[in-house]
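These are the residues of each chain, in order.
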Amino acid sequence: EPEVTQTPSHQVTQMGQEVILRCVPISNHLYFYWYRQILGQKVEFLVSFYNNEISEKSEIFDDQFSVERPDGSNFTLKIRSTKLEDSAMYFCASSDSDTVNTEAFFGQGTRLTVV
Amino acid sequence: DQQVKQNSPSLSVQEGRISILNCDYTNSMFDYFLWYKKYPAEGPTFLISISSIKDKNEDGRFTVFLNKSAKHLSLHIVPSQPGDSAVYFCAARLAGTALIFGKGTTLSVSS
Numbered sequence: 001e002p003e004v005t006q007t008p009s010h011q012v013t014q015m016g017q018e019v020i021l022r023c024v025p026i027s028n029h030l031y032f033y034w035y036r037q038i039l040g041q042k043v044e045f046l047v048s049f050y051n052n053e054i055s056e057k058s059e060i061f062d063d064q065f066s067v068e069r070p071d072g073s074n075f076t077l078k079i080r081s082t083k084l085e086d087s088a089m090y091f092c093a094s095s096d097s098d099t100v101n102t103e104a105f106f107g108q109g110t111r112l113t114v115v
Numbered sequence: 001d002q003q004v005k006q007n008s009p010s011l012s013v014q015e016g017r018i019s020i021l022n023c024d025y026t027n028s029m030f031d032y033f034l035w036y037k038k039y040p041a042e043g044p045t046f047l048i049s050i051s052s053i054k055d056k057n058e059d060g061r062f063t064v065f066l067n068k069s070a071k072h073l074s075l076h077i078v079p080s081q082p083g084d085s086a087v088y089f090c091a092a093r094l095a096g097t098a099l100i101f102g103k104g105t106t107l108s109v110s111s
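Note that the protein sequences, when read in sequence, are chains R and V. Using the working numbering, read the first sequence as starting at 1 and increasing by one per residue. Using the working numbering, read the second sequence as starting at 1 and increasing by one per residue.
Check before you lean on any hint, since a few could be wrong.
Said to hold, decoys possible - Short, incomplete list of chain V residues facing chain R, as computed with Cβ under 8 Å:
1. D31
2. F46
3. A70
4. G96
5. A98
Unchecked claim - With a Cα cut of at most 20 Å, we get these calculated SDA-like pairs of lysine to any residue:
6. V:K103 <-> R:T99
7. V:K103 <-> R:L39
8. V:K56 <-> R:N101
9. V:K5 <-> R:D86
10. R:K57 <-> V:A41
11. V:K68 <-> R:S58
12. V:K5 <-> R:L39
13. V:K103 <-> R:I54
14. V:K103 <-> R:S58
15. V:K5 <-> R:Q41
16. R:K57 <-> V:L94
17. V:K103 <-> R:S55
As the list claims (entries may be wrong) - Simulated coverage check for chain V against chain R, where a stretch passes if three residues somewhere in it have a Cβ under 8 Å from a Cβ of chain R:
18. 55-65
19. 71-83
In case anyone wonders, no lab produced these hints; they're calculated from the structure. All C-beta atoms, glycine included, are put in the ideal place defined by N, C-alpha and C.
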């Protein structure tokens with residue numbers, strides 16, 4: 001069964017450092033998303049991406065964040081200068097449509113720890 | 001601003017009994033509602049969904065009920081099994097927008 005894969009599963013980084021989280025969405029999907037979940041809190045939407053551009057972003061997704069689809073398979077989230085409060089599980093998701101009745105498929109997540 | 005609320009952080013149920021997980025929302029424009037299930041160290045997995053034009057959707061042991069006037073939906077699991085123990089997230093969306101999640105309810109099913 002096709003799945004969304006994320007690497008690494010756990011990333012530890014020093015405050016102020018840049019970090020890149022990687023995702024390989026399901027191959028025939030066209031819509032890509034990043035969400036995050038701070039420990040004990042809800043899953044929060046960060047950004048959606050379609051046709052090589054951001055289609056929607058939340059207020060969390062400020063200038064420190066960027067996304068890229070560098071080739072035909074990867075979808076990355078970059079945090080330029082990490083802060084302690086960026087520590088969270090980051091989930092990548094993909095879907096084959098943005099119609100309302102389409103579910104998104106999630107990866108297993110990357111746990112980011114900023115120290 | 002919590003548009004999707006799951007007010008019960010946890011629920012404990014005995015095996016074989018019914019589990020009822022509740023979710024409230026504030027935006028009456030939401031078109032679609034989904035339930036996701038999450039095990040530790042895994043990403044959320046889609047479970048069941050319902051369109052805003054329906055009031056019930058059933059898939060095996062899982063049934064979702066939607067009460068639009070009350071802006072409330074619930075997930076019923078009958079009978080509950082120990083393997084159902086997980087965090088359950090309610091999510092909602094408008095057409096063409098991303099999913100908005102609730103905080104989740106941790107379900108524990110004891111044998």
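Now the hints, each set against the structure:
Interface hint at V:D31: satisfied, since its Cβ lies 4 Å from the closest Cβ of chain R, which is below the 8 Å cut-off. Because the beta carbon of V:F46 sits about 4 Å from the nearest beta carbon in chain R, less than 8 Å, this interface hint is met. The interface hint given for V:A70 is broken, as the beta carbon of that residue sits about 21 Å from the closest beta carbon of chain R, more than 8 Å. Nearest Cβ of chain R to the Cβ of V:G96: about 5 Å, under the 8 Å cut. The hint holds.
At about 5 Å, the closest approach between the beta carbon of V:A98 and any beta carbon in chain R falls short of 8 Å, and the interface hint on this residue holds. A threshold of 20 Å between alpha carbons decides the hint, and for V:K103 with R:T99 the separation of about 24 Å lies outside it, so the pair is violated. Taking the CA atoms of V:K103 and R:L39, the gap is near 11 Å; set against the 20 Å cutoff, the hint holds. Simply put, V:K56 and R:N101 have alpha-carbon atoms about 15 Å apart, close enough for the 20 Å limit, and the pair holds.
In summary, the hint linking V:K5 to R:D86 is not supported, as the alpha carbons are separated by about 23 Å, beyond the 20 Å threshold. For the proposed pair R:K57 and V:A41, the alpha carbon gap of about 25 Å is over 20 Å, so the pair is violated. Between V:K68 and R:S58, the direct Cα distance comes to roughly 26 Å. Violation of the 20 Å bound is thereby established for this hinted pair. At roughly 17 Å between alpha-carbon atoms, V:K5 and R:L39 fall within 20 Å of each other, so this suggested pair holds.
For the suggested pair V:K103 and R:I54, the alpha carbons sit about 25 Å apart, so the restraint of at most 20 Å is broken. Between V:K103 and R:S58, the direct Cα distance comes to roughly 17 Å. Compliance with the 20 Å bound is thereby established for this hinted pair. Pair hint V:K5 plus R:Q41 holds up; C-alpha atoms about 12 Å apart against a cutoff of 20 Å. Annotation: proposed proximity of R:K57 to V:L94 holds, straight-line Cα distance about 14 Å (limit 20 Å).
This hinted pair does not check out: V:K103 and R:S55 have alpha carbons roughly 24 Å apart, beyond 20 Å. Remark: the stretch 55-65 of chain V is not confirmed as covered by chain R, as 0 of its residues place a Cβ nearer than 8 Å to a Cβ of that chain, below the required three. Restraint check on the stretch 71-83 of chain V versus chain R: 0 residues with Cβ-Cβ distances below 8 Å, three needed, restraint violated.
In this structure, the hints that do not hold are numbers 3, 6, 9, 10, 11, 13, 17, 18 and 19, in rising order.
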